[in-house]
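Colleague: Next come the chains, spelled out residue by residue.
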Amino acid sequence: MNFLDSIWMIPLFPAAGAILMLLFGKKLPKAAVSVICPGTVLVSFLMSLGAVLQLARLSEHSYEKILYTWLPGGPFHLTNGQMGHLQADWGFLLDPLSSVMILVVTGVGFLIHVYSVGYMGHEAGYHRFFGYLNLFIFFMLTLVLANNYLLLFVGWEGVGLCSYLLIGFYFLRDSATKAGIKAFIVNRIGDAGFVLGVLLMLATFGSLRFTSVFGEVNRQVETGLLTSGDATVALMTLLLFIGATGKSAQIPLYVWLPDAMEGPTPVSALIHAATMVTAGVYMVARSNVLFSLSPQTMAMVAGVGALTAIFAATIGLAQYDIKRVLAYSTVSQLGYMFLACGVGAYGAGIFHLMTHAFFKALLFLGSGSVIHALSGEQDMRKMGALRHKIPVTFWTFFIASLAIIGAPPFAGFFSKDEILWKAFSAETHAGLLLWVVGFVTAGLTALYIWRLVFLTFFGQSRVDHEVEHHIHESPKTMTIPLMTLAVLSIVGGWVGWPRILGGSNRLETWLEPVFEHSSKLLAHEAEHGAAAQEYLFMFLSVAVGAFGVFIAWYFFIRRPEAADRIVQTVPGVQRLLYNKYYVDEVYNAVFVDGFAKGGGTALGRFDARIVDGGVNGSAWLTLLTSRLSIWWDTWVIDGAVRLSSFTVKVLSYPVRLLQTGLVQVYALFIVFGVLIFFSYYLIR
Amino acid sequence: MNVLPGFFFYLLSAIILGGAILTITRRNAVHSAIWLIVTLLGVAGIYLNQHAEFLAAVQVLVYIGGIMVLFLFVIMLVNLDEAAKQRQFNHQWTIAVGCALALMAELAYFIVKGRESFRFGDTGTGTLNPDAAVIEFLKSCRDIPGLGPGGFLQPNTELIACALYRDYLLPFEIASVLLLVAIVGAVVMAKKEI
Amino acid sequence: MPEVTTAHYIFLSTALFTIGTIGVLTRRNVVIILMSIELILNAVNINLVAFSKQLLSINGQAFAVFIIVDAAAEAAVGLGIIIALFRNKETINADEIDLMKW
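Protein sequences, first through last, are from chains A, B and C.
Position 678, counted from 1, in the first sequence is what this note's numbering calls 678; the numbers after and before it change by one each time, with no gaps.
Position 86, counted from 1, in the second sequence is what this note's numbering calls 1086; the numbers after and before it change by one each time, with no gaps.
Position 62, counted from 1, in the third sequence is what this note's numbering calls 2062; the numbers after and before it change by one each time, with no gaps.
FYI, nobody ran anything at the bench for these hints, they're computed from the structure.
Wrong hints could be hidden among the right ones.
[Stated by the list, open to error] Restraint ranges, calculated between C-beta atoms of paired labels, are given here:
# : chain 1 : residue 1 : chain 2 : residue 2 : range
1 : B       : Tyr-1165  : A       : Ile-670   : 29 to 37 angstroms
2 : B       : Arg-1027  : A       : Arg-656   : 30 to 38 angstroms
3 : C       : Glu-2090  : B       : Val-1030  : 19 to 27 angstroms
4 : A       : Tyr-680   : C       : Glu-2090  : 22 to 30 angstroms
[As the list claims (entries may be wrong)] Derived pair list, reagent style DSSO-like, types lysine-lysine, alpha-carbon separation capped at 27 angstroms:
# : chain 1 : residue 1 : chain 2 : residue 2
5 : C       : Lys-2101  : B       : Lys-1192
6 : A       : Lys-382   : A       : Lys-476
7 : C       : Lys-2089  : B       : Lys-1191
8 : C       : Lys-2101  : A       : Lys-649
9 : C       : Lys-2089  : C       : Lys-2101
We put the beta carbon where it would ideally sit given N, CA and C, even for glycine.
Could you put the whole structure together from the sequences, leaning on the hints where they help?
Modeller: In structure tokens, the structure reads:
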């Protein structure tokens, strides 16, 4: 079977599953739902696998399949005066970048579907949940397989919709619906930027198809029309990056992601850790040719990524909700990815995206397993000493925690190390500063993750009594995905084994054709020569991870009271972190109360004075003219009518008297008439 | 000079006018009907006086034997006792009588003024000059002997038959339709529920 | 006694017509109004026969026959109307029937 030619079918299977679930799910038995929904994703995964294997055998490593043109627009003038044609295809592009993405999306997606069968087994709206989940997979695959920005935007909005639906899955809970609305609105802000960027791109390059746009950019660069630092490209990439900050939860639009934990845990794992939130990173990597042309935006991307990474990591230190810690961890790790993209290491960013998908999904699923075991308890202060009670969950969680802090040879080690090294070696920016931030964040990551591990699985049990004897290991459908992801968290990084450690860094080689043009533009490949330096950095990052783990162990196992003492000596810091730097409150005050409500009041006043004034004025004018017309009607028109009728009445009155209805009177008239008639002849 | 027709004329005129006046003044409708019969009989006599024997017979048979019986039936069907006790003349009777008498006076004046043209057998020239069309017609009726003595239209019945069934055949048939319509109309109106 | 001319018959007809007219115009009883109409028709007949005699034309008498037919038809319909009227209005007084006015 030619899988490459049927890549357009990959998103169709989840779509069919979604339609089936949302239309007829209520009538289907639970078992059928449990088979159909993961089954469709599995089929997609297998087809993706086949397609990627066939792609690898091609010499070009790129395959484009256009089904039809769904938006055939007319010609228009570009900003440079030439004619362009707006045309958006329902087309799919499979290249190394999207092949990594579809494998992650369908693979992790399938595991999470299987996990959900166990996790959501007792929930109401089972079919609805799986319908949304399948719909999400469809839109995500559309997003990553799209061959143009407009179709990418379709998927982009679609996953936003699914995110909204799934965050508000428990729609009876007020906080869940509010979190869903918050996510939706914050994403809209980013999407506005994205749309503007796409439109600017259309006006500048006259196309939205990736190959045409990037081909045009490369052509203009070669002919010298376009140089690095071009203002239009800078604005364009900045707008696109605003879209990415919304979708991928970066400063300043990260606030929706922690609240998104209101959704069911598999949703957090799939959408808000592994796949959807990485769409921004994917989009930046996809647009690498454009971003590399704009050092200003690159600096901004790197800066925002680094700032987000450390900012979110510090908040994660003080949270007690197990899922919130992981949510801030996700924000922090996404910051890493943007940091990589910002220094031009798109390959490293995608690498980290992949490994992060494995271990963060595993962390979320593990936390879900813990929550499941504790009958819904999410507060870490009410956990502890769970490692023997739920061993499978503990061990898989343990592996994931090692992976995220970058312990060799787990997956996180390779990707995080590569990012830090690329950050340092990127001489175009403040490389050292970025490295320091990343380095500190790595330590903080180790601290907060192992704080979580120690609080949850070690120490004294602080579990409520009635919950305690319900603690149980999760069913097979949940543990098997955990174990699979654990294996992936270990071996997943090996595809990017660095050359200095004797590997070949297959992933980077595989992704090479996508980023070759930007590599040419940035040109800092020579740095790889400093092998000794790279070994040092590798050691340092592992050491800082180990130091973080030690600190966590010291404060939460060895000397728990020391932590409290520190908190008591500097209470402000703890409160600041616990309340997430009061960012939500500031946003609320500035944007919601300030702009929205203040603007609303101003608009209300405008409405009341100007608009209503105009309306009332016109109403008053209408009233006046209608009064005049009433007067005219009453006295002139009606008067004329009444006068004529009155005249007729008066004149007809004597005639009316003649009409008595009596036959004899009429006969008398006849006789009288004849008499008069004869009299005429008589007197003639 | 035969005085007898003149005598009969005045006698019959007295009967007719007296009967007519009594007809329209009687309180009781049955009395009116009786006096009307007297009047109609007088008219029949007038016809005989003018040698119109067929019409006289028809007057007696149709009018007195048919129409007046109809009248009497209706008078019996309709309760007239109440009406008999009430006022018999309406409010306009003085004006009406005045107008009618004035009209009669005018007509009489006209007749007196033109009386010379009304002589029997003398149409102004003093000689009998029958209508040329009448003579032609009489000649066409071969079986009819011709004008009788005194210039009268004789034999009267045959002449009328000849006129009705020959010259006036279509009006005669239309008259029969008229009678049919009248019968149907009378039935429709007199019937309680159709 | 002067000769009886057509004018005499016309006088008689005029007098009879006038009496009939007075009856139609003044009586309240509808039956008697119908009788008065018969008087008027007889006045016409006298006229027709008189002229027939004078002009030696049989047409006048033929028309008199038609008028008798007409009188019969008129009497039939008129009396039918009287019966219908009496049934509905319980009266046969002509001046109490004024349905056909404004």
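Colleague: All hints are to be evaluated individually against the structure, with a verdict given for each.
Modeller: Right, here's what the structure says about each hint:
1. Tyr-1165(B) x Ile-670(A): 29 to 37 angstroms: This hint holds: roughly 36 angstroms between Cβ atoms.
2. Arg-1027(B) x Arg-656(A): 30 to 38 angstroms: With Cβ atoms ~35 angstroms apart, the hint holds.
3. Glu-2090(C) x Val-1030(B): 19 to 27 angstroms: Holds: the Cβ-Cβ distance is about 20 angstroms, inside 19 to 27 angstroms.
4. Tyr-680(A) x Glu-2090(C): 22 to 30 angstroms: 44 angstroms, violated
5. Lys-2101(C) x Lys-1192(B): Answer holds: Lys-2101(C) to Lys-1192(B) is near 26 angstroms, not above 27 angstroms.
6. Lys-382(A) x Lys-476(A): Holds, at about 26 angstroms.
7. Lys-2089(C) x Lys-1191(B): 15 angstroms, holds
8. Lys-2101(C) x Lys-649(A): 16 angstroms, holds
9. Lys-2089(C) x Lys-2101(C): 16 angstroms, holds
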